[in-house]
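Novice: Below, each chain spelled out in residue letters.
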Amino acid sequence: MSDGSDSMQPDRPERVLTREELVRRGVAGGVALSVLGGQIPNALGALAEPAIKRGGTFRVGVQGGSDKEVIDAQTSVLDPDAARLTAIFDGLLYYDENYKLRPNLATQFTSKDAQTWTIRIRKGVQFHNGKTLTADDVVWSIRRMLDKSLSLYATAQLSGLRPANVRKVDKWTVRLILDTPNSVLPDAFGQYFMNIVPIGYTSSKAGGKQIGTGPYTLTSFTPGNRSELRRNPNYWRHGQPYFDRVLILDLNDDVARVNALLGGQVDAITAMPFAQISAATSRGLKILNSQGGGWVPICMAVDQAPFTDVRVRQAFRLIANRPQLVQQAFSGFGRVGNDVYSPLDACYDSALPPRHQDIAQAKSLLKAAGQDGLKIDLATTNGRAGQVECAQVFAQQAQAAGVTINVKNLDATTFYGSQYLKYPFSTDYWGTRNYLNQVAAGSLSVAPYNETHWNDPKFVSLYNQALRTVDQKKRCSIVAEMQNLEYTSGGYIVWGFYNLVDAFSPKVQGFKPSKGTLPLGSYGNGFRTIAFK
Amino acid sequence: MNPFRGISGFILRRVLLGVLTLAAVSLIIFAATQALPSDPARALLGRTATPESLAALRKQLGLNRPVVDQYLRWAKGMLTLNPGTSISASVPVTKLISDPIVNSSFLVLCSALVSIPLALGIGIWAAIRRDRPFDVVSSLVLLLFAALPEFVAGIALVLLFGTVVFKWLPPDALIPPGSPPWHHLNELVLPVATLAMVFVPYVARFMRASLIEVLESDYVEMARLKGLPEREVVLRHALPNAIVPSIQAIALTLAYLAGGIVTVEFVFSYPGIGAKLVDAVTSRDMPVAQTIALLIAAIYVFVNLVADILTILVSPRVRTSL
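These protein sequences, in sequence, are chains A and B. Counting in numbering that gives the first Met the number 0, the first sequence runs from 0 upward without gaps. Counting in numbering that gives the first Met the number 0, the second sequence runs from 0 upward without gaps.
For the record, the hints were derived by calculation from the structure and aren't laboratory data. Careful, some of the hints might be misleading.
[Said to hold, decoys possible] Derived Cβ-Cβ restraints for the label pairs, each shown as a range:
#: 1; chain 1: B; residue 1: Pro116; chain 2: A; residue 2: Ala50; range: 31 to 39 Å
#: 2; chain 1: A; residue 1: Asn408; chain 2: B; residue 2: Phe133; range: 29 to 37 Å
#: 3; chain 1: B; residue 1: Ile100; chain 2: A; residue 2: Thr56; range: 39 to 47 Å
#: 4; chain 1: A; residue 1: Ser148; chain 2: B; residue 2: Leu159; range: 53 to 61 Å
#: 5; chain 1: A; residue 1: Thr56; chain 2: B; residue 2: Leu108; range: 27 to 35 Å
#: 6; chain 1: A; residue 1: Asn408; chain 2: B; residue 2: Ile27; range: 43 to 51 Å
#: 7; chain 1: B; residue 1: Leu108; chain 2: A; residue 2: Thr218; range: 47 to 55 Å
#: 8; chain 1: B; residue 1: Ala54; chain 2: A; residue 2: Thr131; range: 37 to 45 Å
#: 9; chain 1: B; residue 1: Ile100; chain 2: A; residue 2: Gly199; range: 34 to 42 Å
#: 10; chain 1: A; residue 1: Lys167; chain 2: B; residue 2: Arg57; range: 38 to 46 Å
#: 11; chain 1: A; residue 1: Ala411; chain 2: B; residue 2: Arg129; range: 51 to 59 Å
[What the hints assert, rightly or not] Below, a list of computed lysine-lysine pairs in the DSSO-like style, where the Cα atoms sit at most 27 Å apart:
#: 12; chain 1: A; residue 1: Lys514; chain 2: A; residue 2: Lys99
#: 13; chain 1: A; residue 1: Lys506; chain 2: A; residue 2: Lys532
#: 14; chain 1: A; residue 1: Lys511; chain 2: A; residue 2: Lys99
#: 15; chain 1: A; residue 1: Lys204; chain 2: B; residue 2: Lys58
#: 16; chain 1: A; residue 1: Lys122; chain 2: A; residue 2: Lys147
#: 17; chain 1: A; residue 1: Lys208; chain 2: A; residue 2: Lys167
#: 18; chain 1: A; residue 1: Lys285; chain 2: A; residue 2: Lys52
#: 19; chain 1: A; residue 1: Lys514; chain 2: A; residue 2: Lys532
#: 20; chain 1: B; residue 1: Lys75; chain 2: B; residue 2: Lys58
#: 21; chain 1: B; residue 1: Lys166; chain 2: A; residue 2: Lys421
#: 22; chain 1: B; residue 1: Lys166; chain 2: B; residue 2: Lys225
#: 23; chain 1: B; residue 1: Lys166; chain 2: A; residue 2: Lys532
#: 24; chain 1: A; residue 1: Lys472; chain 2: A; residue 2: Lys514
#: 25; chain 1: A; residue 1: Lys208; chain 2: A; residue 2: Lys122
#: 26; chain 1: A; residue 1: Lys514; chain 2: A; residue 2: Lys285
#: 27; chain 1: B; residue 1: Lys166; chain 2: A; residue 2: Lys204
#: 28; chain 1: A; residue 1: Lys285; chain 2: B; residue 2: Lys58
#: 29; chain 1: A; residue 1: Lys147; chain 2: B; residue 2: Lys94
#: 30; chain 1: A; residue 1: Lys457; chain 2: A; residue 2: Lys472
#: 31; chain 1: B; residue 1: Lys75; chain 2: A; residue 2: Lys208
#: 32; chain 1: A; residue 1: Lys506; chain 2: B; residue 2: Lys166
#: 33; chain 1: A; residue 1: Lys111; chain 2: A; residue 2: Lys130
[To be verified] Pulled a few chain B residues facing chain A out of the computed Cβ check, cut under 8 Å:
#: 34; residue: Gly83
#: 35; residue: Thr84
#: 36; residue: Ala88
#: 37; residue: Ser137
#: 38; residue: Ile154
#: 39; residue: Leu156
#: 40; residue: Phe165
Beta carbons are placed, not taken as given, at the ideal position from N, Cα and C, and that holds for glycine.
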């Protein structure tokens, strides 16, 4: 399959449609860490036949929109924001439906030492305004990601990179020199908001034109209502996309969203309410049930009473009846968790003994900690499906161990207000992420969302060691130690991983369940691998 | 001459009272939005908030000024019809809510045009045909409708005509921005029908009761004894007096609709002020929430004022006593 020499060949877009190779890490010598441009197995199995129906307007109803919506290629706050990004922009890499990194605008993303990274840029890619993508745009885009004044989601993904160390080598090559090694840097660049924009790009709030390289161009955008997109005729994946137009409609109310699909006003919706699934399928609708790596943890702040005592944390983890939580909070659309996140990571340690409910053990731990008859508030909000329910179910389960949990269901703005990240005991939600990226986001003292206040010196040193370790096998053994630390003393109760459940009309083909973080299989890969029948 | 006497004086008094009411309401709205937990800066930045970005945004939004100062600035803006800029959307509030105002007004107008004649007609006919089959059946049905909350009625109508039983009408009112609602009458049928189910029972019951009362009064008896045809007795003698309570009922219901469409707009995803208000409160977009709340209060005051004036104009006894 692909290796260093293969990727040196000039890029022809049609090659991408025939072969693909992926992240190769830990190959001794030669290219140590690389993401190589190669074949993509025909992205849409059902569309392999020559006659794919083209044209039509695809309408999707998305939850979670509001006046706050914004288009910025490198940030994403609300669900419709993410839907638009997948359609208008491309990143250097992307995650496929198996949560494997694939080449996108980069044909190569390689490093020998995890500190100096070389990016080869795909040739023959045009922006929506006709300008050709070159290294200058990529350098400018990555430097923009690092601009702290813009408050971008992308910024936090690239610690240890300074703007001056994003360098153009030649017209098609960019080099990144990190302050400290980061063996999983490609993981960061695979996320859907790490997009490449032309020099001078600004967000919709700054009045900028939304020019990307994606399969669709933006024709209109009304926050809290809808966005209209038109097919990009010069898209670099020749032949794609298939629709003439895409309409992204904000439909926040569960009932209104399902009704729109039943009544034929939209062709697909995100976040199908679990309770209506059987009724919907009996009327001919299709369900897209994606088992991803997203999770809804119960978070115990390890530096606040009563959770300063590890015995209390372990007792609470033993209180959780995980199958019951998955059954009741996710209506069974999920899998049980084992207090360790990132189940799709190659280094996820599935050898850790599964943790089962053990009330007697929990009681004795609480007693030993002097906390029998404990009373505590659990803050939650109606964020993701199951976030409130899991708190309620857990509170019930805790009664058996003599613990009284008072569930405080706050509205989202209050929950994420001044107390957010300060609660001793709360719930939250996360999407799919690989382990070390997730650690950077939530389990370090410098992480932006360290809700459990986890700051273990040994853990930190293992983390830095893992980032330096290029060999995947060695890295996995370090990661296993980190996971073991969290399993035996961490602050998260990772009781389950949710499925993303979406619905679509039988008129549409090409949707595939995806392990990625976005619904509808990353919105049908930016609406480019789906078509009408 | 005392300007507070006579009909014009009455109107003047009521207008001044209305202004006072609105001033009081504006204080309450402002205090209530201030009392909401969290603040717009946090809502806007969400999980990405840092202490520095929060401080910068609060300064930019003027949230660090004294509360009294903020209120006075806001009140001044309201009086000069310049309610400021939306915090979430960064566009003038007037621009943000102009489409929703048109959409919601048209929805209420259509509902009123359908409901008022229907309600009065049913009420009058039921009173004339008292205890006959039409009266009994209509009373039962109206009581049933009156007992249904809007969202139940709305969902039932959607199931019946939009999704499950028949697929005749679009279940959601997806009106594109910038497109006037009268180009989307299909989309309006179900929301209007839902609002009519709220409106008709109340007004029809009122009309029926007051007409029955008047039909039993001495002067109607007198008119009948004079040998006037029943049609003339009802239309010329009974109805003008019986309609007065109904005007009040219509006004109250209309005023209720100004706020009550929030639910209906939500159920049908109708892009009106109700949906905007919910969104604004959730994201702590104070300028938008305060403007819409005050607008709804103003409509309430205005509709009641019009009803009082109409009542006076149609009832000679009250008119002459002023």
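Novice: Against chain A, with CB atoms and a cut of 8 Å, does the hint on Ser137 (chain B) hold up?
Specialist: violated, 30 Å
Novice: Given a cut of 8 Å on the nearest C-beta pair, is the interface hint for Thr84 (chain B) held or broken against chain A?
Specialist: violated, 12 Å
Novice: Holds or violated: Lys166 (chain B) with Lys532 (chain A), Cα cutoff 27 Å?
Specialist: Given pair Lys166 (chain B), Lys532 (chain A) holds - Cα atoms ~22 Å apart, limit 27 Å.
Novice: Falls inside 38 to 46 Å, the C-beta gap from Lys167 (chain A) to Arg57 (chain B)?
Specialist: holds, 39 Å
Novice: Verify the proposed pairing of Lys506 (chain A) with Lys166 (chain B), using a straight-line Cα cut of 27 Å.
Specialist: Given pair Lys506 (chain A), Lys166 (chain B) holds - Cα atoms ~17 Å apart, limit 27 Å.
Novice: Given the hint of 47 to 55 Å, is the C-beta distance from Leu108 (chain B) to Thr218 (chain A) inside that range or not?
Specialist: At roughly 32 Å between Cβ atoms, Thr218 (chain A) and Leu108 (chain B) fall outside 47 to 55 Å, so the hint is violated.
Novice: Hint check: Lys208 (chain A) vs Lys122 (chain A), CA-CA at most 27 Å. Holds or violated?
Specialist: With Cα atoms ~23 Å apart, Lys208 (chain A) and Lys122 (chain A) stay inside 27 Å; holds.
Novice: Run the distance test for Lys514 (chain A) versus Lys99 (chain A): straight-line Cα separation, threshold 27 Å.
Specialist: Status holds; Cα separation ~9 Å.
Novice: When you take the CB atoms of Ala54 (chain B) and Thr131 (chain A), is the distance between them in 37 to 45 Å?
Specialist: Holds, since Ala54 (chain B) and Thr131 (chain A) (Cβ atoms, about 42 Å apart) stay within the stated range.
Novice: Can the restraint linking Lys285 (chain A) and Lys52 (chain A) be considered satisfied, given a maximum Cα separation of 27 Å?
Specialist: Answer holds: Lys285 (chain A) to Lys52 (chain A) is near 19 Å, not above 27 Å.
Novice: Compare the distance between the alpha carbons of Lys457 (chain A) and Lys472 (chain A) with 27 Å, and conclude whether the hinted pair is satisfied.
Specialist: holds, 20 Å
Novice: May I ask you to test the interface hint for Ile154 (chain B) with respect to chain A, counting a Cβ-Cβ separation under 8 Å as satisfied?
Specialist: Where the cut-off is 8 Å and the nearest Cβ of chain A is about 6 Å from Ile154 (chain B), the hint holds.
Checked against the numbered hints listed earlier, the structure breaks hints 1, 2, 3, 6, 7, 16, 21, 22, 27, 28, 29, 31, 33, 34, 35, 37, 39, 40; every other hint is satisfied.
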